[in-house]
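Make the full structure from the sequences, and use the hints.
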Amino acid sequence: MRHLIDILDFTTDEIDALLDRADDIIANPEKYQEVCKHKKLATLFFEPSTRTRLSFESAMLSLGGSVLGFSEAKSSSASKGESVSDTIQVVSAYSDIIAMRHPKEGAPLVASFRSGVPIINAGDGGHFHPTQTLTDLLTIRREKGRLDNLTVGFCGDLKFGRTVHSLISALSRYTGIKIVLISPDELKLPTYMKTDVLDKNNMSYRETTDLVEAMKELDILYMTRVQQERFFNEADYIRLKDSYILTAKKMESAKEDMCILHPLPRVNEISVEIDDDPRACYFKQVACGKFVRMALIMKLLEVEA
Amino acid sequence: MNIDSIKNGYVIDHIKPGMALEIYRILDLGRLDCHLAIIKNAVSGKMGKKDIIKIDEMIELDLNVLGYIDPGITVNVVKNGEIVDKRHLELPEKITNVIKCKNPRCITSCEQELDHVFKLTDRENRVYRCIYCESKAK
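These protein sequence lines map, in sequence, to chains A and B.
Remember, my numbering sits 4 above the position in the first sequence when you count from 1.
Remember, my numbering sits 109 above the position in the second sequence when you count from 1.
Keep in mind that the hints were calculated from the coordinates and are not lab data.
This one's a predicted model, so the numbers in the text were calculated from it and none came from an experiment.
Ideal placement from N, C-alpha and C gives every residue a C-beta, glycine not left out.
It cannot be assumed that every hint is accurate.
Chain A regions said to be covered by chain B (calculated; three or more residues, Cβ under 8 Å) [claimed, not checked]:
1) 100 to 111
2) 129 to 138
Once the Cα atoms are required to be at most 25 Å apart in a straight line, the calculated DSS-like pairs of lysine-lysine come out as [what the hints assert, rightly or not]:
3) A:Lys192 to B:Lys245
4) B:Lys245 to A:Lys163
5) B:Lys211 to A:Lys192
6) A:Lys220 to A:Lys148
7) A:Lys204 to B:Lys203
8) A:Lys204 to B:Lys247
9) A:Lys163 to A:Lys84
10) B:Lys149 to B:Lys203
11) A:Lys163 to A:Lys182
12) A:Lys163 to B:Lys158
13) B:Lys188 to B:Lys116
14) B:Lys188 to A:Lys198
15) B:Lys188 to A:Lys163
16) A:Lys204 to B:Lys245
17) A:Lys192 to B:Lys247
18) B:Lys247 to A:Lys163
19) B:Lys228 to A:Lys198
20) A:Lys294 to A:Lys35
21) A:Lys163 to B:Lys211
22) B:Lys116 to A:Lys198
23) B:Lys228 to A:Lys204
Shown next, in the form of structure tokens:
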């Protein structure tokens, strides 16, 4: 039995196969509409995340399966002090697969030790969010036709952004990837990510504080939100926040086939005027998220079309 | 100073000076009833000074813990008054309940019954990380 806790649990061959399956689901959805008939997905969301939960539930329903679960800890036995291990042993008696989000880092790993059914980590605090990374990889591959030989810019909060860390880790296994890290000094990529991932894998990277300067070389621009609470004082936030808002003006120097990604929700870091630009891929990315989750559920349940 | 030789047990040798009491605490040797000697600042040709612990009982000795504390430690196994085995330690791949994860966001911070498990992720720099949250052991 396999689980997905960290994106690196899967080899690149397995990821490629998952993305192939997701492509096929997009091309032939009717072929897959009953492959999980009579199977049940439990969505255990110990902290709310409507978007991710709906994506999982929509994925299972599109495979012909059913869903059950809870959307916040207070409507579960966790509020009575039940441990993750106990909750999981109970729920695995009611379901065939579990997608779990938890505010504490490592909770899905604990769940995987005691579960009788596959566990999917749907986000554990600021730690991992592997299905977001699968979503990002599928979107990049569909838009660019490849996952190697790309220059990928990450912009905004690179210090706390777990989606950024996971995607960089996942891309580190492909060849010819150049990373451009665009952020204020306060929100630079943590040193351990540079030493343990970028340097260790001999990845080419550079850091800059200037989005416009970096724009022209990028194949992919991965935007994240710069949150006010990350700054020590309001003055710094006000001084910097507009530098990391993507506008039509800043897009002038971008390549014609550059692809803009964002894990969403967006607040104001991508101006709405960009939404009509064909290079804006963040809503396509949401759709990819559902299809790649369908492929993942099939893989972990070991069902075929 | 005269300390009796042990008959059946262990001589934990080449302990860095000052570390013997820490090892005594971590291995919970206070629970033992047998003869036990802690020798501090013994003369060592190799180290200048060293600590030694002698335990006159064949207990279950956690070599992983000792290896984590100091891979330079040697463990001599004594049977019938003779050294029958000399074990050189190395950094263990995994240690359980030796150090605690201090990350308040880690699942171990709220689920008390969970083992605190750390994995060796960088042997050269002696880096251990929590298996749950990947925080570096301090």
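(message) So if I understand the rule, the pair passes when the alpha-carbon distance is 25 Å or less; does B:Lys149 with B:Lys203 pass?
(response) Given that 25 Å is the threshold and the Cα spacing comes to 29 Å, the pair is violated.
(message) Next pair to validate is A:Lys163 with A:Lys182; report whether the Cα-Cα distance is within 25 Å.
(response) With Cα atoms ~19 Å apart, A:Lys163 and A:Lys182 stay inside 25 Å; holds.
(message) Hinted pair, alpha-carbon criterion (25 Å max): A:Lys163, B:Lys158. Please report holds or violated.
(response) violated, 45 Å
(message) Please verify whether A:Lys163 and A:Lys84 have alpha carbons no more than 25 Å apart.
(response) violated, 34 Å
(request) Would you check the hint for A:Lys294 and A:Lys35, treating anything up to 25 Å between C-alpha atoms as holding? (result) holds, 16 Å
(request) Take the C-alpha atoms of A:Lys204 and B:Lys245, compute the straight-line distance between them, and say whether it is at most 25 Å. (result) holds, 17 Å
(request) Given the hint that B:Lys188 pairs with A:Lys163, test it: the Cα-Cα distance must not exceed 25 Å. (result) Answer violated: B:Lys188 to A:Lys163 is near 56 Å, above 25 Å.
(message) Can you confirm whether the C-alpha distance between B:Lys116 and A:Lys198 stays at or below 25 Å?
(response) violated, 53 Å
(message) Next pair to validate is A:Lys163 with B:Lys211; report whether the Cα-Cα distance is within 25 Å.
(response) holds, 20 Å
(message) B:Lys188 and A:Lys198 were given as a pair; does the straight-line alpha-carbon distance stay at or below 25 Å?
(response) violated, 51 Å
(message) With the threshold set at 25 Å, check whether the alpha-carbon distance from A:Lys192 to B:Lys245 stays at or below it.
(response) holds, 19 Å
(request) Verify the proposed pairing of A:Lys192 with B:Lys247, using a straight-line Cα cut of 25 Å. (result) Holds, at roughly 23 Å.
Checked against the numbered hints above, the structure breaks hints 9, 10, 12, 14, 15 and 22 and satisfies the rest.
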